[in-house]
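Colleague: Whole structure, please, built from the sequences with the hints as guidance.
If you want the building blocks of each chain, they are given just below.
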Amino acid sequence: MAVIRCQSCGKPNPDFLEVCQYCDARLKPLEAGPAPEAAAPPAEQPGTIRCPACGKPNPNFLEVCQFCDARLVPLGTAPSLEAAPASAEKPGVVRCPACGKPNPATVDVCQYCDARLNPLAAGELEAAPKLDTLDRLRAIVPPPEPEPGTFAPTPQQAEPDWMWTGAPSKDADAAKPAVEDARSAATGTPADDDWMSSLRGAAAQPAPAEEVPDWLKGASGEEPAAAPAEEIPDWLKDMREESAQPAPPAAPVEEDWMSSLRGAAVPSEPAATPSEEIPNWLKSMRAEAAPPEPAAAPASEAEIPDWLKAARGEESAPPASAISAFTPEPAAPAEEIPDWLKSAAPPEPAAAPTDEGPDWLKAMPGAEADAAPPSPAISAFTPEPATPAEEIPDWLQSLRGTEATVPPAEPAPAVVAPAAAPEASGEEPDWLQSLRGTETTAPPTGAEAAPATFAPEAAPEAGAEEPDWLQSLRGAETTAPPEEPAGAVPTEGEPDWLKALGETGAGTAGAAPAVSPFATEEFVSPFTDQPPETPTLDTATGPMPDWLAAMRPGDLSDALAAIKPEPSAPARQPGTALFGEGLEQTALPSWLEAMRPVEVGEAQLPPETDTYQESVGLLAGMRGILRAEVAVAIPRKSTTQVHQLEVSEVHASQAELLARLLAEEAEARPEAKRRAPLALLLERWLVFALMATALLLPFAFGSGLFPAPATIGLDTQAAYNVVETLPAPPLAKPALIAFDYDPAQGGELNPAATALVAHLMHRGVPVVGVSTRLAGAAVGDDLLHKIAADLQTSHSLSYTYGTHYLNLGYIPGGPVGLLQFAAAPRRLFQRDFAGSSEVWTTPLMTPVSRLSDFSLIVLITATPDSARAWVEQTRSYAQGVKMLAVVSAGADPLVRPYYEAAPPQIAGMVSGLRGAAQYEKQAGLPGAAGERWDVFGSGLLAAAVIILVGNLINIGMGFVRRRKK
Amino acid sequence: MKIRFWGAVLTAIAVSVGLITLLGYFVNVPVLLSLRLQFVAWASILAAVAVGLGALNLLGVHLKKISDQSGGWLYSIFLVLSLLGVIGASMAAPFLGMGSGPANTTNAWVFKYIVAAVGTALSGLLIFFLVFAGYRLLRRRPSVASVTFLIVALVSILGMAPQLPELPDLGLRDLWIWISQVPAVAGARGVLLGIALGVIATGLRILLAVDRPYGE
Chain U
1 MAVIRCQSCG KPNPDFLEVC QYCDARLKPL EAGPAPEAAA PPAEQPGTIR
51 CPACGKPNPN FLEVCQFCDA RLVPLGTAPS LEAAPASAEK PGVVRCPACG
101 KPNPATVDVC QYCDARLNPL AAGELEAAPK LDTLDRLRAI VPPPEPEPGT
151 FAPTPQQAEP DWMWTGAPSK DADAAKPAVE DARSAATGTP ADDDWMSSLR
201 GAAAQPAPAE EVPDWLKGAS GEEPAAAPAE EIPDWLKDMR EESAQPAPPA
251 APVEEDWMSS LRGAAVPSEP AATPSEEIPN WLKSMRAEAA PPEPAAAPAS
301 EAEIPDWLKA ARGEESAPPA SAISAFTPEP AAPAEEIPDW LKSAAPPEPA
351 AAPTDEGPDW LKAMPGAEAD AAPPSPAISA FTPEPATPAE EIPDWLQSLR
401 GTEATVPPAE PAPAVVAPAA APEASGEEPD WLQSLRGTET TAPPTGAEAA
451 PATFAPEAAP EAGAEEPDWL QSLRGAETTA PPEEPAGAVP TEGEPDWLKA
501 LGETGAGTAG AAPAVSPFAT EEFVSPFTDQ PPETPTLDTA TGPMPDWLAA
551 MRPGDLSDAL AAIKPEPSAP ARQPGTALFG EGLEQTALPS WLEAMRPVEV
601 GEAQLPPETD TYQESVGLLA GMRGILRAEV AVAIPRKSTT QVHQLEVSEV
651 HASQAELLAR LLAEEAEARP EAKRRAPLAL LLERWLVFAL MATALLLPFA
701 FGSGLFPAPA TIGLDTQAAY NVVETLPAPP LAKPALIAFD YDPAQGGELN
751 PAATALVAHL MHRGVPVVGV STRLAGAAVG DDLLHKIAAD LQTSHSLSYT
801 YGTHYLNLGY IPGGPVGLLQ FAAAPRRLFQ RDFAGSSEVW TTPLMTPVSR
851 LSDFSLIVLI TATPDSARAW VEQTRSYAQG VKMLAVVSAG ADPLVRPYYE
901 AAPPQIAGMV SGLRGAAQYE KQAGLPGAAG ERWDVFGSGL LAAAVIILVG
951 NLINIGMGFV RRRKK
Chain F
1 MKIRFWGAVL TAIAVSVGLI TLLGYFVNVP VLLSLRLQFV AWASILAAVA
51 VGLGALNLLG VHLKKISDQS GGWLYSIFLV LSLLGVIGAS MAAPFLGMGS
101 GPANTTNAWV FKYIVAAVGT ALSGLLIFFL VFAGYRLLRR RPSVASVTFL
151 IVALVSILGM APQLPELPDL GLRDLWIWIS QVPAVAGARG VLLGIALGVI
201 ATGLRILLAV DRPYGE
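Residue numbers (this note's numbering), protein chains in the order written: chain U, 1 to 965; chain F, 1 to 216.
Some clues are possibly wrong.
Below, in silico cross-link-like pairs of lysine-lysine (DSBU-like), each with a Cα-Cα straight-line distance of 35 Å or less [unchecked claim]:
| hint | chain 1 | residue 1 | chain 2 | residue 2 |
| --- | --- | --- | --- | --- |
| 1 | F | K65 | F | K112 |
| 2 | U | K733 | F | K112 |
| 3 | F | K64 | F | K112 |
| 4 | U | K733 | U | K786 |
| 5 | U | K11 | U | K56 |
| 6 | U | K673 | U | K786 |
| 7 | U | K921 | F | K112 |
| 8 | U | K786 | F | K112 |
| 9 | F | K65 | U | K673 |
| 10 | U | K673 | U | K921 |
| 11 | U | K786 | U | K965 |
| 12 | F | K64 | U | K673 |
| 13 | U | K964 | U | K733 |
Chain F residues, not near chain U, derived (Cβ > 12 Å throughout) [unchecked claim]:
| hint | residue |
| --- | --- |
| 14 | A8 |
| 15 | L10 |
| 16 | A12 |
| 17 | L19 |
| 18 | V31 |
| 19 | N57 |
| 20 | L59 |
| 21 | S67 |
| 22 | A89 |
| 23 | Y135 |
| 24 | V155 |
| 25 | L204 |
Because the hints were derived from the structure by calculation, they are not lab data. C-beta atoms are modelled at their ideal positions from N, C-alpha and C, and glycine is treated no differently.
Modeller: Listed below in structure tokens is the structure:
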């Protein structure tokens, strides 16, 4: 499986991936097409390019070989993209070679995948800061967005100082205040406005006038704000005058301090500085009695770096600026060596070009001494009262890259200019001359690169008492360097740190001590009168950091060569010297080490040993995966049959609950009794009361309230006529009366039935009762007996059962029984309703053998179905027999069609109580209809009035309700 | 439609009997007439037996209700006691000289003073509830149907009621007669026609073994 290295994070990815699996950057351009096949010869495949170093094929969109990191295309040429229509690009738009997305031409890195849009130029590569680790860290983990109103440090400022000065230790904590001080001082201002960047003066944003001390402003080339004269030290003024030259154009941030120091290779004429041109700070150092001017202090105590304060031996003072560190201070006790001096380790050369680099070194003038804008640190080195040249501390000499050893008695910070140099004997030390850009060939020890950041005008006076801080820097024990640089000054007045620096002089240059030049034990004072020797790395008298040693012009190429990533260069192991002997390599912390990019030279992927390609399962066709077990890749159906479902108690209880709930759903639930509102109950009682009153009122007023109907209906008249035309006895045939109604309908039908049956009986027509309803037979039986009794009483007529009337009883089976009765009545009834078995032997029933033997069929019913059944079943068997219907007022519409049919199937109808009343009046037989006529009328009228009034009220209430809404 | 074997036999019997009975109306063949009459007689017998079975089923249901003491089981006790009492009295009346048959004295007394009285009383209460329902007819949101019903009801009531001589004749009776004999009868005719067509369709379905109880 071929591997493609991600251009963003550099990690290898399979070739079939389009996007990096680590950082999601595109591995292949969108237009470039699929990755080239690994099997095909890369040279013959389109879209591939063979690496000139290792000869392996790479996609043509890559600039660097993914195997050996050698450049595939020369610098300055963009990777070829076959499908990238460059002509289609808009002017000012650059398409990313990795992801293919358009980016503005002004950016160097793709906005989407962070790939470089423009190849690095040759100069850029060489001058590029070789802190690939940090750059990559920043690329991977961008710095957090600063909160509004808070300090927004630059990435460089955010990084701890120890990254630049050496291994992290407790000294780093002491160094932190320096950064924090700068941070607090610059709160609210651009993050670059710290004293470090201002010392460097390279692409540094000038701090607001009110925040940058004047002595710093002078170093940065800006016109310092008007400050009281007593506040500006003389040396600062002197430095400012010298630095009042057009500042060189701001170098790019990435411009290496090395490049600035490169100019130092050009011999510069040593500035013959008379003693009066010696920086005041140097003079003050040599005087060693001059108290530090308060005015020399920076405008704010908070701007003093901590290391300077520590050098001054201030315990609780806020971090002091670089200037204050060089003001004559009482010598700090040897035990108060600042931590940063103890733990200072040579930083990586690649880290040098950032703002965190030793600013005094940056400010040390080579050829750029006059061009480089003096940084605040430089201002620290503005002319003080000249110090004798013999008092050039060794550390300074070592920082300049000389072989001169720094006298142990001359401790001085390598990164800071001694503010108070021991009084020189008048001879300007070489390092000062070199700081001013002279052609000093014997710069202070180890200060080969430092002169660019320095502008010393006078060497520290030799013999002057060193300030305590210098002594403390040098340390209690000062090891005599092998060679005493010229201009060595007595170290009795030096601070300890200077002494400590002097102790670690050039004698260890070849050993490359791994501690900071500010370490007490190794510090060599640059303030020495010894003639500076040819500075070499090996002969550095002071603890020269690696990065400083690499800054020497002569060795610059070597340093660059050491910095430049060489494919064949062996990986530098952590802790080993970068620049070789003399300096101890800084040990990176583990977490930082973990983020180290893979050494391209060594990061050759081992040959693909596992050529196994999955063939089953979801991962079929893929390589480099764990082999799945056959049982997993090819799942088999379980051979064991589950015969019994294992149910736990919880599941069983839940299932039972569910079943119970379902069963309850099917059960009928009793309706909850709802109590009617009181208003509804009152209304109901009121209506009932009114109705009852209307029904009972006629009984109080007697009859005649409502007159009897004057007219008779046609249907009633027809019924009367049918009965009236029946043959009288002895030729009278019996009439069949069907009492198909229940006692509940008796109140409406009994009057009509009574009137008609009484009329038949009164004419002497025998009557036979029958019913298709269970209760109808009893109703008919009761009615027949009652009518017979009434006629006998009123008309003295004798009607006997079995002779004049008979009740057959109930016909079962509904329409079927009726059909049988119609077809063969004798077969249906064996006994009559009275239970007599001799029904068919009576004189009344003897002539009757079938339905047609009846003279008349009277149907008394309240349901239309009964009437329909009688009509449908009996008409075919009694075609010559007329049929009359006595129906209720509700059944009248449904029975009337039979009456209005042509030919009519029903000869006459008596409908409701009104029909009964009419029939009674027509027959002259008063009956119950007449008696109930008044109650009937009052009830109907009351009902009509109640319904009408109630609905009118409801309409009004609804109208009012709607209006309210 | 699936018809089981015995279901097929029963279906065949039912279909044949129905066809024979139907043919007896259209074909004047004495055999068919006699068969038809015989089948009708058997049907009457079956109907009578069904009434008895219905009574027994009623008794069983209420007895079970009493035994389970489900809702309203007390009423079931009265029903069972009434049923058994009437049946017992009717069966014992001939032996007690109270007559025989359904018209014996006991039955007549029960019918006259219990059945008829209760029935009549219940039907008498109907007027109150009907009037109250009519009184609240438009209490809810009135609609076309409710208003039309109300108007027709009032016209019918006033048209049917006796006319007071003091009140002028508003012609409500004639209107009522027209409503009851024209639109109402028209609707009734339609209903009767629909019933007739339904009976024909149902009979054919039964005769053709399409409908229950033969087919599934």
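Colleague: Against each hint, give a clear statement of whether it holds in the structure.
Modeller: Consistency of the hints with the structure:
At roughly 29 Å between alpha-carbon atoms, F/K65 and F/K112 fall within 35 Å of each other, so this suggested pair holds. For the proposed pair U/K733 and F/K112, the alpha carbon gap of about 30 Å is at most 35 Å, so the pair holds. About 30 Å separates the Cα atoms of F/K64 and F/K112, which keeps this hinted pair within 35 Å; it holds. Between U/K733 and U/K786 the alpha-carbon distance is near 22 Å, which keeps this suggested pair within the 35 Å criterion.
With a C-alpha separation of about 17 Å, the suggested pair U/K11 and U/K56 falls inside the 35 Å cut-off, and the hint holds. This hinted pair does not check out: U/K673 and U/K786 have alpha carbons roughly 45 Å apart, beyond 35 Å. Restraint check for U/K921 and F/K112: the C-alpha separation of about 28 Å stays at or below 35 Å, so the hint holds. At roughly 12 Å between alpha-carbon atoms, U/K786 and F/K112 fall within 35 Å of each other, so this suggested pair holds.
Between F/K65 and U/K673 the alpha-carbon distance is near 22 Å, which keeps this suggested pair within the 35 Å criterion. A threshold of 35 Å between alpha carbons decides the hint, and for U/K673 with U/K921 the separation of about 51 Å lies outside it, so the pair is violated. Using a Cα cut-off of 35 Å, the hinted pair U/K786 and U/K965 is violated, with the two alpha carbons roughly 63 Å apart. Simply put, F/K64 and U/K673 have alpha-carbon atoms about 26 Å apart, close enough for the 35 Å limit, and the pair holds.
The suggested pairing of U/K964 with U/K733 is violated, with an alpha-carbon distance near 73 Å, which exceeds 35 Å. Against chain U, the non-interface label of F/A8 holds: every CB pair exceeds 12 Å, the least being about 25 Å. Distance to chain U confirms F/L10 as a non-interface residue, since its nearest Cβ pair spans about 19 Å, more than 12 Å. With a closest Cβ-Cβ approach of about 21 Å to chain U, F/A12 is found to remain outside the 12 Å limit, as its non-interface label requires.
The claim that F/L19 lies off the interface holds: its Cβ sits roughly 17 Å from the closest Cβ of chain U, which is beyond the 12 Å cut-off. Listed as outside the interface, F/V31 is consistent with that label: its C-beta sits roughly 16 Å from the nearest C-beta of chain U, beyond the 12 Å cut-off. Its beta-carbon lying about 16 Å from the closest one in chain U, F/N57 satisfies the requirement of being farther than 12 Å from that chain. The beta carbon of F/L59 sits about 16 Å from the closest Cβ of chain U, which is more than 12 Å, so the claim that it is off the interface holds.
Under the 12 Å C-beta cut-off, the non-interface status given to F/S67 relative to chain U holds; the minimum distance is some 19 Å. No Cβ of chain U approaches the Cβ of F/A89 within 12 Å, the least distance being about 14 Å, so the stated non-interface status holds. Once the 12 Å rule is applied to beta carbons, F/Y135 is inconsistent with being away from chain U; the minimum gap is 3 Å. Its beta-carbon lying about 9 Å from the closest one in chain U, F/V155 breaks the requirement of being farther than 12 Å from that chain.
Taking the minimum C-beta to C-beta distance to chain U, about 17 Å, the non-interface status of F/L204 holds against the 12 Å cut.
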